[in-house]
Amino acid sequence: MHVTLRLFARLRDLSGKSELRLEIPEGCDARRLWEGLALEYPALEPYTGSVSCAINEEYAKLTTRLKDGDEVAFLPPVSGG
Amino acid sequence: MHVTLRLFARLRDLSGKSELRLEIPEGCDARRLWEGLALEYPALEPYTGSVSCAINEEYAKLTTRLKDGDEVAFLPPVSGG
Amino acid sequence: MSPRFGVSSDPLNTAQIAAVSGGPECGAVVTFVGTVRNHNAGRPVLFLEYEAYVPLAVKSFERIGGEVADRWPSVTLAIHHRVGRLEIGDASVVIAAAAAHRADAFAASRYAIERIKQISPIWKHEHFEGGDVWIEGATADPGDEAARQVALERACT
Amino acid sequence: MSPRFGVSSDPLNTAQIAAVSGGPECGAVVTFVGTVRNHNAGRPVLFLEYEAYVPLAVKSFERIGGEVADRWPSVTLAIHHRVGRLEIGDASVVIAAAAAHRADAFAASRYAIERIKQISPIWKHEHFEGGDVWIEGATADPGDEAARQVALERACT
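Chains as they are written, first to last, in our numbering: chain C, 42 to 122; chain G, 42 to 122; chain E, 99 to 255; chain U, 99 to 255.
Treat the hints with care, as some may be off.
As the list claims (entries may be wrong) - Subject to a maximum C-alpha distance of 27 Å in a straight line, what follows is the list of computed DSSO-like cross-link-like pairs (lysine-lysine): (1) G:K58 x E:K157; (2) E:K157 x G:K108; (3) U:K157 x C:K108; (4) C:K102 x U:K157; (5) E:K157 x G:K102; (6) U:K157 x C:K58.
Bear in mind the hints are in silico, worked out from the structure with no lab data behind them.
Let's have the full structure, built from the sequences with the hints guiding it.
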């Protein structure tokens, strides 16, 4: 199945990618997606403890299982205001 | 000597006077001025414990001795904002 | 640049008052606007009339500005109060506090409105269906330290 | 009437945002404006760029509006954040809280800015002489009750 991955702010700058379309296995959760990403872009690895995740424009736990067509966003710590 | 007396808000409404020019004896303090006023306008008497005083546009204690030409204002409890 | 403190019968210009207090080192502006409510103490309100001893009221705002500067040196404060007849929804008072950091701007503006209610020679004459009443709150005494402590507590300091 | 919550690259119109939240039962409007400072962490700042995950940011403002409504039912809240390049002095965020009484308006607006900094997917890219840095604060987790308690404490409740 396929998901769309979105990266923001410094995660985008470090990976050089703002959006990726990825094929993932059935039953994959968001954490496994992140781990794969951090393997491909080792500069992202330091964010493993602090990254947040949103699925289809709602905050979601990293343990959420992904479905075909999901939009998954990884968010570094925020600094609005 | 003479002083100008100013009354505000409900003190003015109760006395019917917003400004009075009064002759007072030397050595008179603001409290004595108020007491004379409350004798002339008994409706003001209930304010004896809560009235504030300003002399020449500055807050002043009721024990302040008045000088010739002073502008003395008596102020009921305030409600700005 | 407009004066930082004033009393007038003209409608209050919130944007202009808030602009008084900004600057390049400023990171936060908190503006408080008091407006005339359509009810008070269970009664429908028709309109209000505000009266002030104008020169002393402006001096009281300057005094509050000084108290704020002592406590929160980074804050620039502006206070403007309207007098005369005000309709429901009209702004009666606008306070703007600009500061480097938001905590100071919030504290200073809250402190200022509490102090205005304690020491500014301004009176609210409430007109309701079938009557009217002068609202009377605090005996004005700028030297009352216990009152000042209450204002500081409400400012959450 | 404008929407209560928004993210846009257009300059923020404070007066329009504050007007969203008034009404005849309203006695107090507290407006918080965050502005770009000319220095941060000891460095002179040249300009900022704000980025947002826009749909989720707007939803986070709606969530904060719901948290405020639960805690302070009389409060009407509006939140607008700007994105893109902002110069020194520009407003990055405007929060307006209208309420019957001032204590609720102050508390709700302070709570809202604390929550934005905790959970809204917005990032500040600071450009200074000789470099730039992404500012990173809190890991966004709307379900983190300890963080929410910190926001309530800062709102002085």
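Hint check:
Between K58 of chain G and K157 of chain E the alpha-carbon distance is near 24 Å, which keeps this suggested pair within the 27 Å criterion. Taking the CA atoms of K157 of chain E and K108 of chain G, the gap is near 22 Å; set against the 27 Å cutoff, the hint holds. About 22 Å separates the Cα atoms of K157 of chain U and K108 of chain C, which keeps this hinted pair within 27 Å; it holds. Between K102 of chain C and K157 of chain U the alpha-carbon distance is near 17 Å, which keeps this suggested pair within the 27 Å criterion.
Between K157 of chain E and K102 of chain G the CA atoms are separated by roughly 17 Å; this keeps the pair inside 27 Å, and the hint holds. The hinted pair formed by K157 of chain U and K58 of chain C meets the criterion: a straight-line CA distance of about 24 Å does not exceed 27 Å.
Every hint from the earlier list agrees with this structure, and none is contradicted.
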